[in-house]
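Asker: Each chain is listed here by its residues.
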Amino acid sequence: MVIKSGTIQFKENPSIASTGVVVGPMEKKSTFAESFDVILPLENEKGQTYEQANTHFIEKACKESLRKGHEKLENVDVFIGGDLVNQLSPTNFAARQLAIPFLGVFSACASSVESVILGSLLLESGNATSVLAGASSHHPSVERQFRYPLEYGTQRAGTSQWTVTAAGFALLQKHAKNAPIITHATIGRVIDGGQKNPLFMGAAMAPAARDTIERHLANTNSRMADFDVIMTGDLGKIGLSILKEMFQDENSGVILQDAGAQFYGEDKFFKAGASGAGCSAAVFFSHVFNQLKSGVYKRVLLVATGALLSPLTFQQGETIPCIAHAIECRMEKRG
Amino acid sequence: MLILTRKGAMNSMHKIITVLLLFFFLSACSDEAVHTVYPSNTSPEIEEEIKHHDSIKGFQSVVDKNNVLVAIDIKRMSRFNKEKIEKKITKALEKKFPDKEVLVTGDLKVKWEIEKIIDQKLKSKKLTKSIEEIKSLSKEET
Amino acid sequence: MDQKQFEKIVDNQTPKTPLFMNMLKAFLVGGIICTIGQLITFFYIRFFPFTEKTAGNPTVATLVFIAMILTGTGLYKKIAQIGGAGSAVPVTGFGNAVISASLEHKTEGYVLGVGGNMFKLAGSVIVFGVLSAFIVALIKTILVKMGVVSW
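Protein chains in written order, with numbering that gives the first Met the number 0: chain A, 0 to 334; chain B, 0 to 141; chain C, 0 to 150.
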């Protein structure tokens, strides 16, 4: 049900039954490493291209979430996913292997939440009973897509973020037992803050995150303090402090958090933090999901942010338009 | 604790930089000027000519029947005019040795090769041979 | 919130680039690379029949070879993170650009992948190197013809 333009209320309790998160070797250093389901020792196995490895990560994450949710592959009605490589090829190729009806989505790093929103809508309308939704990113293949060759020596600026190698997928079902339910979702608007630096995504994406959070709070008649945490996807450390400064709310300091900023802790090597579609997916579907399940968090707002740029547009001097999608998850009392 | 470790890192960085800078400043060139003619005391004209040039620290030269080879040590900042200085001295020496072929160069290779000749005290045939080798080397373009 | 306010916030939050420190590091790293290059030049002059003029080519080849090994083992990236321009400007940076691009595109085959993309980054170095050499030569030719300088 639409509350107000862009914000959807789900009445049928679509819930996150189980999740599967598969990450690469670099993500072992993550502060969330303990919550990840599988940590693979290599970015790609011998003989695999990086793109094939990305596909492999997606398949593995999907199978992991099915295994944990005790669900068979044949019973999944729809598979929704996205990534950052050319025309979503890794996800498309994974869908070939999984052989489930497939919807590919792209809104850069916001794909993770976008696919969950679409999945929830399918459940809500009764057109599906279980949906696999999520997103992935793979450092070597994404870097090559958007930036320089991997081994090319450039100095990474203090504002730059590290694309994570991770795939996070969630099994969405109606009324799953003991599982966080998705109560609301807000579909983002494309916001352009006039930023041009592709190595400073935090500043570009912060206005989009702010717009979506504000609209969500206004449309659902809630305040920031009503949430245990409002977690953005991959603004990074600098992007997060920009977002905090944009909200003149006394609660913003504690409640506003960012998956990308926390992903690698204080490690200087990763500069401003983590980014990538897999970053928000991995953190939302591991750490946040676990916290919800164990009852530490009762109500959270997950805002995945995506920068809708391509190597073509920023070389042509265009600004970076960004989008942020949000889902509100709640954990009801057991029983 | 965090501030402490950061300070430690800064200190070690500063130390490294100071050591490197010291290294760069102290390792300035300190080679002494040499004035050598081989075979010795045969051609005082060369030394006389070189004396006129302030930009030259020293020279080593080899003279035989048909050739005069002079390797000059040009002062660092005058190296930009290396070719001009070489040409000037060549012209002057050609006047003094009208019947000989003159090669004046600031090239390190030639200097080292001349040093070798002087060290090994080569005579007549062998001397001519290695002089020819040096000449052909310095003619190579790329 | 309007655009100006937002830009002010961004300016406030953007960490300042440590310009002096970066330049010093670039100077040191670039200097060390060039010192190594000079040592290689001396090596070629001393032990092989090369003069100062001709030793340049084997030196460049050797440096590119070293850059290739460093790139392949992933070390050059780390040097570049410290050195910045100091590691990009010497010929090793050129080698790194060529080699990293060819490593990256190996999966697309040797002809269209490696061959086609090898100069993806370094191509512009060649193009503008040739262009600027042409312009400099043109200026010098005109100056010589006018009698201002001699060759």
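It is possible that part of the hints are untrue.
Straight-line distance between alpha carbons at most 30 Å, and here's what the computed DSS-like set of lysine-lysine pairs gives [what the hints assert, rightly or not]: (1) Lys138(B) <-> Lys119(C); (2) Lys83(B) <-> Lys144(C); (3) Lys144(C) <-> Lys195(A); (4) Lys139(C) <-> Lys87(B); (5) Lys76(C) <-> Lys95(B); (6) Lys15(C) <-> Lys83(B); (7) Lys81(B) <-> Lys52(C); (8) Lys120(B) <-> Lys52(C); (9) Lys15(C) <-> Lys90(B); (10) Lys52(C) <-> Lys83(B); (11) Lys77(C) <-> Lys45(A); (12) Lys15(C) <-> Lys45(A); (13) Lys3(C) <-> Lys27(A); (14) Lys15(C) <-> Lys195(A); (15) Lys15(C) <-> Lys59(A); (16) Lys27(A) <-> Lys139(C); (17) Lys119(C) <-> Lys87(B); (18) Lys3(C) <-> Lys86(B); (19) Lys15(C) <-> Lys28(A); (20) Lys52(C) <-> Lys86(B); (21) Lys76(C) <-> Lys195(A); (22) Lys28(A) <-> Lys139(C); (23) Lys120(B) <-> Lys138(B); (24) Lys74(B) <-> Lys139(C).
No lab work stands behind these hints, which were simulated from the structure alone.
Asker: Hints first: check each against the structure and report whether it holds.
Answerer: Here is how each hint holds up against the structure:
1. Lys138(B) <-> Lys119(C): Violated, because 38 Å separates the two Cα atoms, which is more than 30 Å.
2. Lys83(B) <-> Lys144(C): holds, 19 Å
3. Lys144(C) <-> Lys195(A): Judged against 30 Å, a Cα distance of about 47 Å means the pair is violated.
4. Lys139(C) <-> Lys87(B): Holds - the C-alpha atoms of Lys87(B) and Lys139(C) are around 22 Å apart, at most 30 Å.
5. Lys76(C) <-> Lys95(B): violated, 58 Å
6. Lys15(C) <-> Lys83(B): Violated: Lys15(C) and Lys83(B) sit about 48 Å apart, past 30 Å.
7. Lys81(B) <-> Lys52(C): holds, 12 Å
8. Lys120(B) <-> Lys52(C): With a Cα-Cα distance of about 27 Å, the restraint between Lys120(B) and Lys52(C) holds, given a limit of 30 Å.
9. Lys15(C) <-> Lys90(B): violated, 58 Å
10. Lys52(C) <-> Lys83(B): This hinted pair holds, its Cα atoms lying about 16 Å apart.
11. Lys77(C) <-> Lys45(A): holds, 24 Å
12. Lys15(C) <-> Lys45(A): violated, 42 Å
13. Lys3(C) <-> Lys27(A): violated, 40 Å
14. Lys15(C) <-> Lys195(A): Holds. Lys15(C) to Lys195(A) sits at ~18 Å (cutoff 30 Å).
15. Lys15(C) <-> Lys59(A): violated, 41 Å
16. Lys27(A) <-> Lys139(C): violated, 59 Å
17. Lys119(C) <-> Lys87(B): Not OK: Lys119(C) and Lys87(B) at ~47 Å, beyond 30 Å, violated.
18. Lys3(C) <-> Lys86(B): Measuring from Cα to Cα gives roughly 65 Å; hence the hint is violated.
19. Lys15(C) <-> Lys28(A): holds, 27 Å
20. Lys52(C) <-> Lys86(B): Distance ~16 Å between Lys52(C) and Lys86(B) Cα, so the pair holds.
21. Lys76(C) <-> Lys195(A): holds, 25 Å
22. Lys28(A) <-> Lys139(C): At roughly 57 Å apart (the allowed maximum being 30 Å), Lys139(C) and Lys28(A) break the hint.
23. Lys120(B) <-> Lys138(B): It holds: about 25 Å lies between the C-alpha atoms, which stays within 30 Å.
24. Lys74(B) <-> Lys139(C): Between Lys74(B) and Lys139(C) the Cα gap is close to 26 Å, so the pair holds against 30 Å.
Checked against the numbered hints above, the structure breaks hints 1, 3, 5, 6, 9, 12, 13, 15, 16, 17, 18 and 22 and satisfies the rest.
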